[in-house]
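*Asks:* Sequence:
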Amino acid sequence: MTALILHGGAGARRERNYDAEVVHMREVVEAMKVRLDAGASALDVAVEAVVMLEDSGLYVAGRGASPNLAGAYELDASIMDGSTKRAGAVAALQGFRNPVVAARAVMDRTPHVMLAGEGAALFALDQGLEPIADEEAWFTRAGKGEDNHPPGTLSHGTVGCCVLDAQGRLAAATSTAGVFGKMPGRVGDTPIPAAGTWADGNVAVSGTGQGEYFIRVAACAQTGWRVAAGQSLAEASRAVIDEIGALGGDGGLIALDRHGNIAAPYNSQGMKRAWLNPAGEIGVEVFER
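Numbering (our numbering), first residue to last: 5 to 293.
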């Protein structure tokens, strides 16, 4: 049995057309289904899916980044392997194409969980990761259509993927780049395991929203802990989003459990998401019907 769910970010607005994102998310799920059918690991598939989302320029992550208030592009990402609870992350990474690949390298090639700023960039360079030659030509600023927040307030945008492989292993990966108005050096929930990404033996979770609130409630890990305590995946994930909403935050999360159940609660207008269920069926949604 295999399953997968991915997101292209909460914060979708009904006045904007998402046809390109819908087509692309389906393409990503279809490509990852082939990989899962061939026996690929949950961790590999989670990273590969997020790379496709980063490289598309359609979402506020990777190529879709917008500059911060100082004009710099700072990218964050994290991954977590549920079977081992190993994790890797980068924060405020500048100059490199795929922060999720850098996060994987941190996990696989260092004793650390997170590298940030200049240290993350020096590590990425040392590892031979792909640099960005011309930032103005590369970045698409995908968040322009969804950003109606005043500069310096809590805008958001993220991509992520949760995977269950044929061996029953779970993994999650999340990547973001922020949108216009982000303060230099701001780090949200995305690169923080427990807040923006989580995977254990029961669940895999990826968050998208105003990261300050996700950090305050340990949103993704709390979902897993609630499932471990006996709640269903749907109950656990909705309770976390409701808690974030009660604090004044908005966003959503995607979650997948070891039985192949999926959940995608959110409290914003919409959340771009797509999934593969254990029956092999693929679905794509942005808004509730």
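These aren't lab readings, by the way, just hints derived from the structure by calculation. A hint or two may mislead.
Said to hold, decoys possible - Derived EDC-like pairs (lysine to aspartate or glutamate); straight-line CA-CA distance at most 20 Å: (1) Lys37 with Glu216; (2) Lys89 with Asp48; (3) Lys37 with Glu19; (4) Lys37 with Asp48; (5) Lys37 with Glu285; (6) Lys89 with Asp112; (7) Lys37 with Asp59; (8) Lys89 with Asp59.
Claimed, not checked - So the derived label-pair ranges between C-beta atoms look like this: (9) Leu73 with Asp48: 12 to 22 Å; (10) Leu251 with Glu285: 27 to 37 Å; (11) Asp130 with Ala76: 17 to 27 Å; (12) Gly132 with Ala232: 37 to 47 Å; (13) Ala35 with Ala250: 33 to 43 Å; (14) Trp142 with Ser236: 35 to 45 Å; (15) Ala141 with Ala35: 22 to 32 Å.
These numbers were taken from a predicted model, which means no experiment stands behind them. For each residue, glycine too, the CB sits at the ideal point set by N, CA and C.
*Asks:* Now, for every hint given, state plainly whether the structure supports it.
*Replies:* Hint-by-hint comparison with the structure:
1. In summary, the hint linking Lys37 to Glu216 is not supported, as the alpha carbons are separated by about 33 Å, beyond the 20 Å threshold.
2. As the CA atoms of Lys89 and Asp48 are separated by approximately 15 Å, the hinted pair is consistent with the 20 Å bound.
3. Taking the CA atoms of Lys37 and Glu19, the gap is near 31 Å; set against the 20 Å cutoff, the hint is violated.
4. Proximity of Lys37 to Asp48 is assessed by CA-CA distance (about 12 Å); at most 20 Å being required, the pair is judged to hold.
5. Taking the CA atoms of Lys37 and Glu285, the gap is near 10 Å; set against the 20 Å cutoff, the hint holds.
6. At most 20 Å may separate the alpha-carbon atoms for a hinted pair to count; Lys89 and Asp112 meet this at roughly 12 Å.
7. Proposed proximity of Lys37 and Asp59 is supported: the alpha carbons are some 19 Å apart, at most 20 Å.
8. The hinted pair formed by Lys89 and Asp59 fails the criterion: a straight-line CA distance of about 27 Å is larger than 20 Å.
9. Between Leu73 and Asp48 the beta carbon distance is about 36 Å. The supplied range of 12 to 22 Å is therefore violated.
10. Checking the proposed 27 to 37 Å range against Leu251 and Glu285 shows it holds: the Cβ atoms sit about 35 Å from each other.
11. Range check, Asp130 to Ala76: Cβ separation about 21 Å, and the 17 to 27 Å hint holds.
12. For Gly132 paired with Ala232, a C-beta distance near 39 Å keeps the hint of 37 to 47 Å intact.
13. At about 38 Å, the CB distance of Ala35 to Ala250 agrees with the hint of 33 to 43 Å.
14. For Trp142 and Ser236, the hinted distance range of 35 to 45 Å is satisfied, since their beta carbons lie about 42 Å from each other.
15. The hint said 22 to 32 Å for the Cβ distance between Ala141 and Ala35, and at roughly 26 Å that hint holds.
When held up to the earlier numbered hints, the structure conflicts with 1, 3, 8 and 9 and fits the remainder.
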